[in-house]
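Using the sequences and the hints given, assemble the complete structure.
So the protein lines, in turn, are chains A and B. Position 146 (the first sequence) corresponds to 146 in my numbering; numbering is contiguous. Position 34 (the second sequence) corresponds to 34 in my numbering; numbering is contiguous.
It is possible that part of the hints are untrue.
Claimed, not checked - Output of the computed footprint for chain A on chain B, the stretches with three or more beta carbons under 8 Å from beta carbons of chain A:
1. 19 to 28
2. 148 to 158
3. 259 to 270
4. 302 to 309
Quick caveat, the hints were computed from the structure, so don't treat them as lab data. Just so you know, even glycine gets a beta-carbon here, dropped at the ideal spot from N, CA and C.
Take a look at the letters that make up each chain.
Protein chains: 2
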Amino acid sequence: MTVTLSDIQQAAQRIGPYAHRTPVITNASLDQRVGARVILKCENLQKVGAFKFRGACNAVFSLSNEEAARGVCTHSSGNHAQALALAANLRGIPAYIVMPDNAPQVKKDAVAGYGGRITFCAPTLEARESTLERIRLATGATVVHPYNDERVIAGQGTATVELLDSIPDLDAVIAPVGGGGLLSGTSIAAKGLKPGIRVIAAEPEMADDAFRSLREGKIVPSVNPKTIADGLLTSLGKLTFPIIQQNVEQIVTVSEQGIIDAMKFVWERAKIIIEPSAAVAVAVLWEKKIDLNGLKVGVILSGGNVDLNKLPWQT
Amino acid sequence: MTVTLSDIQQAAQRIGPYAHRTPVITNASLDQRVGARVILKCENLQKVGAFKFRGACNAVFSLSNEEAARGVCTHSSGNHAQALALAANLRGIPAYIVMPDNAPQVKKDAVAGYGGRITFCAPTLEARESTLERIRLATGATVVHPYNDERVIAGQGTATVELLDSIPDLDAVIAPVGGGGLLSGTSIAAKGLKPGIRVIAAEPEMADDAFRSLREGKIVPSVNPKTIADGLLTSLGKLTFPIIQQNVEQIVTVSEQGIIDAMKFVWERAKIIIEPSAAVAVAVLWEKKIDLNGLKVGVILSGGNVDLNKLPWQT
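Here you go:
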């Protein structure tokens, strides 16, 4: 295994001064509806509104002073870009962010708002990768991949260290899976601290490449996924896949309607804003696809970045 | 003074097993926008989604066994009705709730869902009061007023005991004012624990009866208030007015647009759902009507009950 519990514990120390220790909340209505005792770990309340800040922050503060001085870079149009920009800003170093020129204005503004230096490129993977490589060569900046990076995986695992510190007697923990960074970190932390705990992954039916990868024993790429959970469109990486194979008992897929219903219920009853990708983990309980009845189940709410002018339950 | 810090501290002990100790959260974007260091005390994450549960719970668990056996009663169509129904349910006693027959179905369902026994009446204050009196005489139930009740005021103050326990070095605390129960409890707790702290009330310009009451030195009733902050429509009570006169430095009024803008900003950046009445307190900072620059300011977010199908920034 490439990332250990000790790496995650060190990451927790490293990011402690910068990241929020997010609250854990419980909700009697949710428990009653799903038949389990649910503990919500609120990474939607993390800086930049997503767990991504943990991994980016650990990566940035792991660099030597010499490396750090040259900055960090990545290509992303999502939460990772904002997270890396903010983490670099906190260390006082440049973050070079490659974004497709068709990215939503609100995301461009957010990255710029955190001090990221944006380079726009054509909206293809090839253009993003070649642009990033050009910047890396020109600046000497360190590439920080959104999930296929040991420092990032270790950072993402720190949410579960906090969760188990707050609630030691969890029976299971559920995390959503896209590229697998959060799930990898979650699973290493959970199994490391509590070997008997169940680690369950949540994935949309409409983007079930991780489910199929686990079943087929090799990475099955995500092809044209169509899901409201836009944080979970990516395929597993070479680092995350074997960690997930080893630590995760089960990947449970959920329907689009289940994602929306679970999301609205959490907004209505728990009074917190979660994005569809976070609702995917709640939907595992909501749809009762596996028996977790009466168990104490931690759910990693991955983030809360949503367009408030366009909600999925409004047509 | 009719309610003391000691009453509030006893209330905190009494409701401890039943109420959430709600999280306090901070948000760098909000701080930057308003120029203060803001601590949000999340009563929107309290049971029934509002601080009202604290007061109702303290009232219900203050009763002797003999009193309790006869139940509690109130007339309300809002959060207090739900709060009292849940608190009574937790003690295993009946809660008789008088509601106007034109109350929204979702509110009737919520009260019934917590086990409240609803009696409908005509939608006039006279009908509500006479119906309540009839029930009281028939059952011997104890009336629990939503704010003009010492046990309720003491219960509402417990949020501030927790807030100052978490963040002892606050310079000021802001709470919204409607009937004044929350503001009274907040002010007694804050001044009792920290005599130098500033206690600031927040009120909509369009429902500024408390502002005018303080200025005129007598209770000015609220007449046809038209504000989006539907939790702040009531007038001050005989118990709450003198407490507020004694403890509150200033009542700051805010515009409807300020309420909506502050509300949306908190949803977007802090990722929590607050109702317009809670946003009124944030709007004091948002509109910068008073100088709180650089200060550490606690804000009591009173609740999060909002119709998610109809948001104020959507036309």
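* Residue count check for the region 19 to 28 of chain B against chain A: does it reach three with CB-CB under 8 Å? -> With 5 residues closer than 8 Å to chain A, the region 19 to 28 of chain B meets the three-residue bar; holds.
* Asked: Mind checking, does the region 148 to 158 of chain B have 3 or more residues with a CB under 8 Å from chain A?
  -> violated (count 0)
* **chain A over the region 259 to 270 of chain B, status - at least 3 residues with CB closer than 8 Å** => holds (count 5)
* Three or more residues of the region 302 to 309 of chain B near chain A by CB distance under 8 Å? -> Coverage by chain A holds for the region 302 to 309 of chain B (3 residues, Cβ < 8 Å).
Of the hints listed earlier, the one the structure fails to meet is number 2.
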